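*Asks:* Each chain, letter by letter, is given below.
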Amino acid sequence: MKNEAEKPNFITSSLDFIVNWGRTNSLWPFPYGTACCAIEFMSTEVGRYDLSRIGSEYVRFTPRQSDVLLVSGTITYKQAPILQRMYEQMAEPKWVIAMGACASSGGFYDCYCTVPGIDHIIPVDVYIGGCPSRPEAFFDAMFDLQKKIKDESYMKMRTQRVKEQWELIKAKTAEAKAAAKEAAQSKITEVKDFVVEKEQKLIKTAQFWKD
Amino acid sequence: MENVENIVSLLEEKFGAQRDASAKWDACVVVAKENLHAVVEFLKNDCAVKFDMLLDAAGIDYLTYPNHEGPRFAVSYAFKSMETAGARIRLKVLVSEADLKVPSVADLYASANWLEREVYDQFGILFEGHPDLRRILNHVEFVGHPLRKDYPAHKRQWLSTSDYLVPELEKVLESKGYKVIERSEEVDPVDEEFLEGSIKA
Amino acid sequence: MIVLDPNGEKLNLMALNVGPTHPATHHCVRLLAALDGETIVAGVHEIGFMHRGFEKMVERGTWQQALPYTDRLNYCSAMMNNIAFVRTVEKMFDIEIPERAKVLRVIVNELSRINDHFICVAAAFQDLGGTTPFMYAFNPREEIMLIWEKLTGARLTNSYARIGGMYRDTYNGFEEDVLAACTSVEKALKDLHACLDRNRIFLDRTVGIGKISKERAISYGWTGPVLRATGVASDLRKDEPYYDYETYDFEVVVGTQGDANDRLQVRLAEIEESVKIVRQALKRLAPGPIDIVDPRIRVPNHKLAYQDMEGLIGRFKSVYEGIRVPEGEFYCGTECANGELGFTIVSDGSGHPYRIKARSPSFAHVSAFAELVEGLTMADSMAILPGLNMIAGELDR
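Residue numbers (our numbering), protein chains in the order written: chain A, 1 to 211; chain B, 1 to 201; chain C, 1 to 397.
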């Protein structure tokens, strides 16, 4: 029994399983719906299709409380900075679904004002085709996303993040140290100069009194 | 419609307007730029059929139009009468590239405000006397006027940050009799590193 | 910001930005409001977040290729936009479409109108915090969507109309499906009225809010249900009848006050009228051709193309070169769900449109928004916006 508990993998995979299970079954979407696809998303949400079957009925209109950024509709250059800001404001873990042809590739609006696919500004996890995509296609995408989340490892991601942070801290401390060293060096030279000056002064006064 | 025909001939008499040859299916008159405001005012207030709704202002660029002679641009105004059902008339103003100015009718119709802003945005035609002539559909950093025929459809222009609307708000406040003493500290969302690494098409 | 008001008193105003990422602004309107406490003193609003170049795109294709783009103007009632565009071009050709196509267009038009109005009312409720009516409104909508799927193959953006006819004829059992949909629409209307008519919270938030006078509404170029809510009985279906609308028995619904509640109530009442029209039109739906026979305008069907030289040439020419619309300029407006959707068309006689300018009703409606919200509270402004039914695709094109 003791040996079993000592194995580190046992706990890691279990935690992953539990965390991922929780995440897959309560994906709260943030519908960034600008155009036609948003209407189809509304259809998906209600009655016949019923998005709450996979635990995503809780549509949040704020980036702070949502897990999935659901970009449904054309993104124009005027909208692009706003979308990027929304993505940055979302808390980790976060995923992005590009719903419909416009969000995935610009669709048939190949024009001076449309972004040719949102992957030019933010990372995308799942793309859905269609103009607009059917609710069934949307469900398929959600299942794909769930599969993807199940493959993720919470601990791995966490260690990765800790590592990155550690690297960052190390780099920063090294930088700070170097700066401090430099400052100290300059101070030492200053002190040295000061001492030398004083000595010379002393010598001068001694010379003066001698004379 | 007979009424509209009468008005067209009246406009021809009074303002020296010309019937537009290219309008074969509805009544359209070409008006000189200087007379535009007077004609619109006449149509709105003194006409036998009062055209009290300005439906549309459409800019047209004749650059690649086959066998076109005359000024490059035109603005076509569509009017509709609410009293006489079905009475419609269109006015057309020709605008040459050298003189891109057209008198604004924003003081007569509230809808003209945005319609003229759109024509300015898409074609670069300036409306004299417009209260707030700035871009409406394209973003602030956009250079050029996209619906001109010489603007390539694929020429994309990235935007670095959202529009800054506070000066416009101050303008509106001042037009209402308010006086701005102290501006609020604005959080300026300028982010210079925006879109770094993105594929700029 | 600190300001002096017209009486010379010092006021501390707050500039608050709402949208475009706000549940009620639907990612397409941005409002910067100067707030005194919670009252909006002045506001500036901005659009253009969904400007996707409809007018530039249609210039690049043929006349038929412009059709899918018109679908995405008002995507809640896509087929009405098709029909409005097609009607304008047909008028330029001076052609009369067959009787069956006319009746079919009327049915499709009115069902689309029902769809659009349901979405508008549902979204208005949702924005005010009511989820139940949202669900009620979507049930009959889904039923109509099923009809669209069978009829056109698509759910939302159908592209069903063609210049000189329709894409294809109806399927077997179309009439029964439409009648069944009508019944469920009426049932949903009953449910919606039960939620809406005596709902204290809803009435308090919408009655008397966002009033506009007739003159001002006309000056802003408002059309359709929002203008009718102010008491102006203006409906192109009655004023300039097309597709024999004058022979159908229906009322023009008119509001009294022109406030946010009227704008929604007019829409609900219009759904009833639309159901009436659909029922009458179904009785007139007699068998017959749906396309005009003119290979220069309407693409000949496959049967003709495979067996007849003329048909083959016609098909080849109209697909590769596009149909040739007579040279000239024209403006024509059609009564769509939101109001008058007009197209200013400039044709140079070639197979490609020279310039198409869409006159969208939403553009006119939303332009009045800053004026409507002045003097109201922030919460009221969100009760007004959905009633104007701004559809981003149509607003910014």
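Honestly, I wouldn't trust all of these hints.
[Said to hold, decoys possible] So the derived label-pair ranges between C-beta atoms look like this:
no.: 1; chain 1: B; residue 1: THR64; chain 2: C; residue 2: LYS303; range: 35 to 41 Å
no.: 2; chain 1: C; residue 1: PRO326; chain 2: B; residue 2: LYS50; range: 53 to 59 Å
no.: 3; chain 1: B; residue 1: GLY144; chain 2: C; residue 2: ASN17; range: 25 to 31 Å
no.: 4; chain 1: C; residue 1: LEU179; chain 2: B; residue 2: LYS171; range: 52 to 58 Å
[Stated by the list, open to error] If you want the footprint, here are the derived chain A segments under chain B, 3+ residues with CB under 8 Å:
no.: 5; region: 77-89
no.: 6; region: 101-114
Hints listed in this document are in silico derivations from the structure and should not be mistaken for laboratory results. Small disclaimer: the values here were computed from a predicted structure and weren't measured. The C-beta atom is built at its ideal place from N, Cα and C for all residues, glycine as well.
*Asks:* Within 52 to 58 Å: is that where the Cβ-Cβ distance between C:LEU179 and B:LYS171 falls?
*Replies:* The hinted range 52 to 58 Å holds for C:LEU179 and B:LYS171, with Cβ atoms some 56 Å apart.
*Asks:* Is the hinted range of 53 to 59 Å satisfied by the C-beta distance from C:PRO326 to B:LYS50?
*Replies:* 32 Å, violated
*Asks:* Falls inside 25 to 31 Å, the C-beta gap from B:GLY144 to C:ASN17?
*Replies:* Since the Cβ atoms of B:GLY144 and C:ASN17 sit about 28 Å apart, the hinted range of 25 to 31 Å holds.
*Asks:* Count the residues of the region 77-89 of chain A whose CB lies closer than 8 Å to any CB of chain B, then report whether that count reaches three.
*Replies:* Coverage by chain B holds for the region 77-89 of chain A (7 residues, Cβ < 8 Å).
*Asks:* Do three or more residues of the region 101-114 of chain A come closer than 8 Å to chain B, measuring C-beta to C-beta?
*Replies:* holds (count 4)
*Asks:* Should the hint that B:THR64 and C:LYS303 are 35 to 41 Å apart at their CB atoms be regarded as holding?
*Replies:* Check passed, 39 Å falls within 35 to 41 Å.
When each numbered hint is compared with the structure, a violation occurs for hint 2 only.
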